[in-house]
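Chains A and B, in that order, are what the protein sequence lines are. In terms of our numbering, the first sequence is residues 2 to 429. In terms of our numbering, the second sequence is residues 2 to 429.
Keep in mind that the hints were calculated from the coordinates and are not lab data. Watch out, some of these pointers could steer you wrong.
Identical copies look the same in the list; a pair holds intra-copy or inter-copy alike.
Listed next, the in silico SDA-like pairs over lysine to any residue satisfying Cα-Cα at most 20 angstroms (straight line) [claimed, not checked]:
# : residue 1 : residue 2
1 : Lys396    : Ser213
2 : Lys97     : Ser85
3 : Lys97     : Asp86
4 : Lys64     : Asp307
5 : Lys64     : Glu31
Remember, it's a predicted structure, so these values are computed and weren't measured experimentally.
Protein chains: 2
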Amino acid sequence: MPAKPLHHFTATEIVSAIAAGKTTAVAVAESCLEYIAGREPQVAAWHFLDPQLVLAQARALDKRGTIGALQGVPVGIKDIIDTSDMPTEYGTPIHKGHRPRIDATCVALTRRAGGLIMGKTVTTEFANFFPGKTRNPFDPERTPGGSSSGSAAAVGAGMVPLAVGTQTTASTIRPAAFCGSVGYRPTWGDLRCAGVMEASGSLDTLGLIARSVEDVALYRDVLLGVTPLALPADNTAPRIGFCRTHIWDQCEPETQRLLETCASRLAQAGASVSDVKLPAEFSRIEDAHRWISSFEFARNRAWEIDHHWDMISERLRNNRIRDGLDCSYETYRDARDFLEQQRLVFDDLMADYDVLLTPAAAGEAPLGLHATGNASFCAIWTSMHVPAVTLPLFKGPNGLPVGAQLIARRNNDRLLFAAARWVQRASS
Amino acid sequence: MPAKPLHHFTATEIVSAIAAGKTTAVAVAESCLEYIAGREPQVAAWHFLDPQLVLAQARALDKRGTIGALQGVPVGIKDIIDTSDMPTEYGTPIHKGHRPRIDATCVALTRRAGGLIMGKTVTTEFANFFPGKTRNPFDPERTPGGSSSGSAAAVGAGMVPLAVGTQTTASTIRPAAFCGSVGYRPTWGDLRCAGVMEASGSLDTLGLIARSVEDVALYRDVLLGVTPLALPADNTAPRIGFCRTHIWDQCEPETQRLLETCASRLAQAGASVSDVKLPAEFSRIEDAHRWISSFEFARNRAWEIDHHWDMISERLRNNRIRDGLDCSYETYRDARDFLEQQRLVFDDLMADYDVLLTPAAAGEAPLGLHATGNASFCAIWTSMHVPAVTLPLFKGPNGLPVGAQLIARRNNDRLLFAAARWVQRASS
Chain A
2 MPAKPLHHFT ATEIVSAIAA GKTTAVAVAE SCLEYIAGRE PQVAAWHFLD PQLVLAQARA
62 LDKRGTIGAL QGVPVGIKDI IDTSDMPTEY GTPIHKGHRP RIDATCVALT RRAGGLIMGK
122 TVTTEFANFF PGKTRNPFDP ERTPGGSSSG SAAAVGAGMV PLAVGTQTTA STIRPAAFCG
182 SVGYRPTWGD LRCAGVMEAS GSLDTLGLIA RSVEDVALYR DVLLGVTPLA LPADNTAPRI
242 GFCRTHIWDQ CEPETQRLLE TCASRLAQAG ASVSDVKLPA EFSRIEDAHR WISSFEFARN
302 RAWEIDHHWD MISERLRNNR IRDGLDCSYE TYRDARDFLE QQRLVFDDLM ADYDVLLTPA
362 AAGEAPLGLH ATGNASFCAI WTSMHVPAVT LPLFKGPNGL PVGAQLIARR NNDRLLFAAA
422 RWVQRASS
Chain B
2 MPAKPLHHFT ATEIVSAIAA GKTTAVAVAE SCLEYIAGRE PQVAAWHFLD PQLVLAQARA
62 LDKRGTIGAL QGVPVGIKDI IDTSDMPTEY GTPIHKGHRP RIDATCVALT RRAGGLIMGK
122 TVTTEFANFF PGKTRNPFDP ERTPGGSSSG SAAAVGAGMV PLAVGTQTTA STIRPAAFCG
182 SVGYRPTWGD LRCAGVMEAS GSLDTLGLIA RSVEDVALYR DVLLGVTPLA LPADNTAPRI
242 GFCRTHIWDQ CEPETQRLLE TCASRLAQAG ASVSDVKLPA EFSRIEDAHR WISSFEFARN
302 RAWEIDHHWD MISERLRNNR IRDGLDCSYE TYRDARDFLE QQRLVFDDLM ADYDVLLTPA
362 AAGEAPLGLH ATGNASFCAI WTSMHVPAVT LPLFKGPNGL PVGAQLIARR NNDRLLFAAA
422 RWVQRASS
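Just chain A, with the same shape it has in the complex (with noise of 0.2 angstroms):
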């Protein structure tokens, strides 16, 4: 056993110290619950999280007799998410007290492989702007980041293993990189979302957040409702595409150094790394992205309009729902077809490549808890429906965690994967 207290271990750590008989996903879950205890005053990460439903879980856990792939692995749930015994609100007063009657499939899966659902994660206003409460870990005067800020801050707080956020723009990705977590968003589609609140369904995905890629992985797995297989030995050097994307100058000029640092320790790692300039019209993705992401949030959100306008936040009311609103049928059929052509365009650009190194973020997460930060750098790739993951490997000027990326080609969500641990390899 590694010689760490048990609420620090990776989800991979505690199945197998379950399966050996060497723990308890009792003791592991007294061991968060006591840690969670002393840190959550600073970091706020949870919006419900009741201790004796979680060690109920645990103890009829152990009792199951069976080993599952996530046995005893305490798992942060983003507050969108439905969960048929713990309330779920959406980051909204509106909802105040809803209580699903039955688990979102992601969380069902959870619980079939045995993992314990620790609690509901802070999320902003509908996955949107709006910030909640949660602080960043490692300066409580910084944002985590958003909108699944509750679980990488659970995460990065060592709190907890996992968590389950999603992505319509950068809500996985970010807070994980501001949080010192490994982040994962699969490809578009890949993980079902029944029971998830639509942010914009042309868009959104889950996203994973957790302290090993290996976890990741083993996780996407118990979502995709497979057996989980063992990622494949990593000694091949991926080809890898430096991409500084067409905003490069957004990116701060100490994240451009560490990147630009990353990616020749690569190559004299023994990958092939060389310079990736995207198409002219990949910077209207942001745009079409907006637009998409804007029209179907306003419709999705059309109870809420109709019943509660008073109780939406006067920023979501004046950006993304007027957006929305305004947005015409064509401009928005318009937006969707032309990121579909780009997905074909992108699919192209790959085939000389694994997988593309570029920033997750910025840089470290901004000062100020009023918003979640630059989402352009992920806004791109989310558009592209690709596997994200996001690798915790720099610290930014203020010795705060920043985030390499890598993207790789929709559906290579395992190659991504075993890229990502040779890159984590070659660059510690």
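Since the structure of chain A is provided, determine the placement of chain B on it from the hints.
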């Protein structure tokens, strides 16, 4: 005002009559309720219908002081779609008594436009194989088709002018054809499905059932959340591809004859009509469709499988769910990729046609209530994500309705409506 009872008005006629002060939402609702009371014992279209709730809505609409695009129009809602004021039970005893907190997006947008939610229509179990209690309004010994059985039967029987269903394979077009109504399945992705039970997200859409193409076009705009726009004049004869499909031999001889006669008649009326042969690969579409819909369905029902396995019908467990649980991720992913490629092939094929003319089903509604009929004539087009309309153009050998299905390219829904009106006029 047309010389017919209010419950036989189209949606467009109801809105005009109310706007002109010639009738009221209450009068329309009362007429529908009275007619339903007479027909429902034979047809059994409704899973939930509370006359007092209907009349309360109607009275509120008459007091609203504005005339919405669907002012006073009674609409049936398939019981896999959430309603805040009525139960939603998904065609299964597992969810008996469930009452959602909020309206699905499509229900909220219907109410915003002044539509009146008449009640919840019968669905097959989880919108899948296992039939509900509904009978064909033209012959109680025959299936109404499914899975939107009650929605199609309610419109076909003359109980309401509009109903919402869904389609993952054939679930709107087939029952609309069997019940002698106009059915419409939109371009995939256009109409938000928030608050609608997901069967298979990669294929699911809403579906609309109506008495006229105009009504379908109007309701589509309402559900897109845009200001309704009149259809363009349909004086131009469309370019029609007559598509027997590779499963023409599954089509009953009389249906073959009806469609061939129709194609000739449309050519005589001035349309350019030519035979379309589908690429050989299209014969693999239905298999790909089956893997995708089964893989996703089985995961989406994770909670019900783990908590209420015994309450799921044997037919559903032994077919769709078993197929889905047995399907590997790789098979699923390859099937999804294959369909994505074929969609591009189909886009190219449609360069020379405005619409395809093709069967909506093999023939009349089959005898018996144990099954909902052959889905193959819809599975192809559902998989292509294209818009489809069925028109009640024919009568079969038993005097029962037989539909003609028209297909357009993705995003060409309005062109499809214009062509459908032309076809309807030219063949009457």
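Against the structure, the hints:
1. Lys396 to Ser213: within (17 angstroms within a copy, 64 angstroms between copies)
2. Lys97 to Ser85: Close inside one copy (15 angstroms) and across copies (16 angstroms); limit 20 angstroms.
3. Lys97 to Asp86: both (15 angstroms within a copy, 18 angstroms between copies)
4. Lys64 to Asp307: between (48 angstroms within a copy, 17 angstroms between copies)
5. Lys64 to Glu31: within (16 angstroms within a copy, 58 angstroms between copies)
In the structure shown, no violation is registered for any of the earlier numbered hints.
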